[in-house]
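Once you have looked at the hints, place chain B with the ligands on chain A.
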Amino acid sequence: MLVNSEQIISALIETVQMVAFSLLFSTILGLPLGILLVVTRKGHLLQNLPVFNVLNGIVNIFRSVPFIILLVAMIPVTRLIVGTSIGTAAAVVPLVFYAGPYIARLIENSLLEVDPGVIEAAEAMGATPWQIISKFLIPEALSSLVLALTIATIGLVGASAMAGAVGGGGIGDLAITYGYQRFDTVTMMITVGILIVIVQGLQSFGNIAAKKIRRR
Amino acid sequence: MIEFQNLKKVYESGGQQVAALNGIDLKINKGEIFGVIGFSGAGKSSLIRCVNLLERPTSGSVIVDGHDLTSMSVKEVRGIKKNIGMVFQHFNLLNSKTVFANVAMPLTLAKVSKDAIKKRVQELLEFVGLADKADYYPDQLSGGQKQRIGIARALATQPSILLCDEATSALDPQTTSSILQLLKKINKEYNITILIITHEMAVIREICDRVAVIESGKIIEEGTVFNVFSSPKTETAKNFVSSVMNDQIPDSIKNIIQKHDGMQKVYRINFVGSTAGQPLLSELAKQFEIHINVLFGTITELQGTPFGNLIVEFQGSDKEIIRALTYINQKKISIKEVTAHAS
Ligand SMILES: Nc1ncnc2c1ncn2[C@@H]1O[C@H](COP(=O)(O)OP(=O)(O)OP(=O)(O)O)[C@@H](O)[C@H]1O
Ligand SMILES: [Mg+2]
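Protein chains in written order, with the UniProt record's numbering: chain A, 1 to 216; chain B, 1 to 343.
So here's chain A without its partners, still in its complex pose:
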């Protein structure tokens, strides 16, 4: 084995950092976007078809670009925001552009599952649109939203491994540079094992949290 445990631990920390920060920022981007995709659609709370169509189009464009291409295409933007295109912080930018629209779609789906009758009851009570979103839509969809964010997080773990390969560091970087390019099978197996454990752990955590919110 060509790597020591210290290298693995620091790679692990980098991965966690990348995933955590990109999850944070892409949720900040994706949550309002997802809500807007729901409430501006036809027949909904704040119907506004031009806004809906534009947002829907933007999300589709980002969703249709493969991450590996997005990674490269975003380099100028990354330089502008972070100042460099290499390193863990720089990897967060393309990750956010990748996961933000993805999270928006997932959140849109969760919110659309809310019983329209509940929204109708809210409207009958004289709730404002903001009250309907914050006190009806989100609480009713919460358990499904947690599952959606779990899926997004797992997606980010995978994407962060790719980002690592172009200089972001982390577990993925380790796997490529040692496991793949230097034929170090043990390192490859260890890194893959670590990724499996992370994904399993995240999924279990998400399931338990969602269940707890839903109760029973």
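Note that these hints are calculated values from the structure, not bench results. Be aware that one or more of the hints could be misleading.
Heads up, incomplete: computed chain B residues facing chain A, CB under 7 Å, no partners named [stated by the list, open to error]:
| no. | residue |
| --- | --- |
| 1 | R78 |
| 2 | K82 |
| 3 | H90 |
| 4 | L94 |
| 5 | S96 |
The C-beta atom is built at its ideal place from N, Cα and C for all residues, glycine as well.
Below, chain B with the ligands without anything else, positioned relative to chain A:
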């Protein structure tokens, strides 16, 4: 008080125009329980949803307590909605919130203080008989219990109007009855005007004061429950009435009438109110030379008044039968000859 003036609603769906309401004129008085009945697609939901502008009328006005809602701003309408409670067929409770939080919701939205909310919710849960269920979640309750919670929630802001769109249609007959009694109690104790939409005539009979029959987006008949039940005018109203009154002559009886040779005549006698208590038949048999044979009969109660319906056969000479009929007419009891084809 709710008043509809030439109310029209046209839906656009896929380039098609669907006229759901075709000029409704209707006045619902303060403190009454008013029922609107009609078949599926008649426009019932469209009508009730115009009362709190869940649906914007295409034209015409909706006047609630003297305010024309259609000319109000969105914000003003939101304020008015606090005065109009609504109960739904499928309850529409928040599954993520406890019974307490569900009932408290309208008060939370109105930014009422925590203490006041607690007191009011307690009061409401006691009123609907579910004080022990405050910490339950809706999916732990039966349909009838959910609807009681829906009613408690609708009453939270002390509205003067309660709208019920098929509030009992998802419930079994016994539960329906108990929910209707609860609505009656609300009407009596708080003097809340109740507008009920239903396709079940039994619901109208059980609690409404007045009723309107809606068909193809138009009110085709309107009156007190007693009048509409005792003398329905339109075909649709007759159908609805006979669906609960059971006043159709059974086929077996029709067969008997068909076999008659002319010596017998068959009549339908309607008893209303105090006349239902008179021993009419025995008087007839004593005073006239006729034999009386009761073929079929029902008696029900409408708004506390007995209402009877009897199919009888008179056997005797024409002269005696005519004398008997005159006697009945003098007593202001309605009697009509029944032929084999007519009912
Ligand atoms: N949102 C809508 N878009 C298009 N058409 C609609 C819409 N809502 C109702 N309609 C149409 O308007 C007519 C009246 O519908 P409405 O829901 O008021 O009937 P209803 O009497 O409540 O029927 P039901 O007993 O089935 O609930 C129907 O023909 C229906 O198809
Ligand atoms: Mg309906």
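Hints, one by one, checked against the model:
{"no.": "1", "hint": "R78", "in the structure": "holds (4 Å)"}
{"no.": "2", "hint": "K82", "in the structure": "holds (5 Å)"}
{"no.": "3", "hint": "H90", "in the structure": "holds (5 Å)"}
{"no.": "4", "hint": "L94", "in the structure": "holds (6 Å)"}
{"no.": "5", "hint": "S96", "in the structure": "holds (5 Å)"}
Of the numbered hints stated above, none is contradicted by the structure.
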